[in-house]
Amino acid sequence: MAVQSVESSTTSAASSNSAASGAFGPAVALSCRECGERFELGPIFACEVCFGPLEVAYELPAGDPEGLRRRIEAGPNSIWRYAPLLPVPADVADLPSLNPGLTKLVKADNLARELGVTGELHIKDDSGNPTHSFKDRVVAIAVQAARTFGFTTLSCSSTGNLAGAVGAAAARAGFRSCVFIPHDLEAGKVVMAAVYGGELVGIEGTYDDVNRFCSELIGDPVGEGWGFVNVNLRPYYGEGSKTLAYEICEQLGWRLPDQIVIPIASGSQLTKIDKGLKELIAIGLVEDKPYKIFGAQAEGCSPVSTAFKAGHDVVRPQKPQTIAKSLAIGNPADGPYVLDIARRTGGAVEDVNDEQIVDAIKLLARTEGIFAETAGGVTVGVTRKLIEDGLLDPSLTTVVLNTGDGLKTLDAVAPTTGPSAIIRPTLDSFREAGLA
Amino acid sequence: MSVNVRIPTILRTYTGGQAEVPAEGATLAEVLADLEKNHQGIAARVLDDTGKLRRFVNVYVNDDDVRFADGLATATPDGAGISIIPAVAGGC
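Residue numbers (the numbering used here), protein chains in the order written: chain A, 641 to 1076; chain B, 4 to 95.
Calculated from the structure, these hints are not laboratory results. Just so you know, not all the hints are guaranteed correct.
[Said to hold, decoys possible] Capping the alpha-carbon separation at 25 Å, the derived lysine to any residue pairs in SDA-like fashion look like this:
| id | chain 1 | residue 1 | chain 2 | residue 2 |
| --- | --- | --- | --- | --- |
| 1 | A | Lys949 | B | Arg57 |
| 2 | B | Lys55 | B | Pro25 |
| 3 | B | Lys55 | A | Glu677 |
| 4 | B | Lys40 | A | Val689 |
| 5 | A | Lys949 | B | Gly74 |
| 6 | B | Lys55 | A | Ser671 |
| 7 | A | Lys959 | B | Arg57 |
| 8 | B | Lys55 | A | Asp849 |
| 9 | A | Lys747 | A | Thr1037 |
| 10 | B | Lys55 | A | Ala950 |
| 11 | A | Lys959 | B | Asp67 |
| 12 | A | Lys744 | A | Asp734 |
| 13 | B | Lys55 | A | Cys690 |
| 14 | B | Lys55 | A | Arg956 |
| 15 | A | Lys915 | B | Phe59 |
| 16 | B | Lys55 | A | Gly951 |
| 17 | B | Lys40 | B | Val24 |
| 18 | B | Lys55 | A | Val954 |
| 19 | A | Lys959 | B | Asp73 |
| 20 | B | Lys55 | A | Glu674 |
| 21 | A | Lys959 | A | Lys1025 |
Full structure from sequences and hints, please.
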């Protein structure tokens, strides 16, 4: 097995030993998604042959799907119930963690009526995670890898949600944290990232500038001993998104949905949900049947949607300009794979503008009592558009992801949301306002 | 034109472990050719078989992503800092 030059021999040996000792559970190697080259499990993220992204390869449990299903159902009420399918040790639930996951799958009948959906429509509401976004899932896996590799500082480049998730997870697990964000994020996200006591650094630039900075920091002696959850721990981190696929299927009674609408920032989440669904089919935990994956972007940052509609295989980077800041990644690392998956499954990638995003946030709130962050407005808005365009079949079972809490992006809806009236404390005043 | 090229960790086997190396060239293509002359094998890691930048490599001339400029034909002014960075980092 090739081992990248970035690793010292000590790290390589530690990685090897860790794998052998079960620190990574069923994971056996890192594999280049582009050229297939394999590497030992270690804190590396790019293929030394072709720069392609590395992902975790497994020897998954085989032969007894019923037994595995019972084991999962009897497991902890968190993502750790899926430990047999993740790069974590079997006793991971005993280690300090925010224990994210098992968020609500809400059957959205009111929204379905509004959108003309005659089949089942569900919202996977990941705002219910400990720091109110799906990021707790991915960070939990990255923290476990950081622990195994002996890192002492947790870091990341973030559009806001991840910074909060890393800060909180580091606090719980006893790591130092130092996270980097664009300096002009929503105030709520900045406070939520800073409150956990780690270092929070605003960078003058876009998310892509922050990401570039972190990529350079990791190659510098200053970054030695640092686990960047979405850089050198990215292969492990990404696996956390598989748990969304597992949960959705388990919550549907071990059924695959027919259609899933997923937001796209880097595209990692979408690719890992697809990976999770394929694993469940391969293991025999769900019936093998077709499903369609749809990607959702904001028009002001729609490099993947643009490429999809143009029939391109490559994604041309864009300069983001949208209220959906958690999705404002102009140079999405997994964009080409999102295109492959949308086309392979018969799905599509679509985008909505800022006004449509706000409308969709309000629609979801009004119909289901779920206050989504802007990324949720993007998925609901895109769902509506896909139905109108005849690309999403309203008679089938559809799951739409809400990946974060609307309290984090109050700025997006505040200008058009407020009291119906301000009145004097009298019945006459109430009647005069036309509210009686 | 003399420029400085920041080398990502996974390519430092080609530069004897150096994180930054000097190179000559008026365009990115010329700079990469000069790098190859002094650090044999490095160009094939950055460029694909057709001579284009690999899709998972980002190259910046000073602060500008060359994909927003002229790609391999992007001018490299004297004293410019060039960064080669794996593209797979970041995001959700």
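Each hint tested on the structure:
1. Between Lys949/A and Arg57/B the CA atoms are separated by roughly 23 Å; this keeps the pair inside 25 Å, and the hint holds.
2. For the suggested pair Lys55/B and Pro25/B, the alpha carbons sit about 22 Å apart, so the restraint of at most 25 Å is met.
3. Distance check on the hinted pair: Lys55/B and Glu677/A sit about 21 Å apart at the alpha-carbon level, within 25 Å; holds.
4. The hinted pair formed by Lys40/B and Val689/A meets the criterion: a straight-line CA distance of about 19 Å does not exceed 25 Å.
5. Restraint check for Lys949/A and Gly74/B: satisfied, since their Cα atoms lie roughly 23 Å apart, inside the 25 Å limit.
6. With a CA separation close to 24 Å, the supplied pair Lys55/B and Ser671/A stays within the 25 Å bound.
7. Pair hint Lys959/A plus Arg57/B holds up; C-alpha atoms about 21 Å apart against a cutoff of 25 Å.
8. Taken as a hint, the Lys55/B and Asp849/A pair is honoured in the structure, with Cα atoms around 23 Å apart against an allowance of 25 Å.
9. Between the alpha carbons of Lys747/A and Thr1037/A the distance comes to roughly 10 Å, so the proposed pair stays at or under 25 Å and holds.
10. Of the pairs offered as hints, the one joining Lys55/B and Ala950/A holds, with about 21 Å between alpha carbons and a cut-off of 25 Å not exceeded.
11. As the CA atoms of Lys959/A and Asp67/B are separated by approximately 12 Å, the hinted pair is consistent with the 25 Å bound.
12. In summary, the hint linking Lys744/A to Asp734/A is supported, as the alpha carbons are separated by about 23 Å, within the 25 Å threshold.
13. As the CA atoms of Lys55/B and Cys690/A are separated by approximately 12 Å, the hinted pair is consistent with the 25 Å bound.
14. Annotation: proposed proximity of Lys55/B to Arg956/A holds, straight-line Cα distance about 15 Å (limit 25 Å).
15. Of the pairs offered as hints, the one joining Lys915/A and Phe59/B holds, with about 20 Å between alpha carbons and a cut-off of 25 Å not exceeded.
16. Distance check on the hinted pair: Lys55/B and Gly951/A sit about 20 Å apart at the alpha-carbon level, within 25 Å; holds.
17. At roughly 13 Å between alpha-carbon atoms, Lys40/B and Val24/B fall within 25 Å of each other, so this suggested pair holds.
18. Proximity of Lys55/B to Val954/A is assessed by CA-CA distance (about 13 Å); at most 25 Å being required, the pair is judged to hold.
19. Our distance criterion of 25 Å between C-alpha atoms is met by Lys959/A and Asp73/B, whose separation comes to about 16 Å.
20. Restraint check for Lys55/B and Glu674/A: satisfied, since their Cα atoms lie roughly 16 Å apart, inside the 25 Å limit.
21. The suggested pairing of Lys959/A with Lys1025/A holds, with an alpha-carbon distance near 24 Å, which does not exceed 25 Å.
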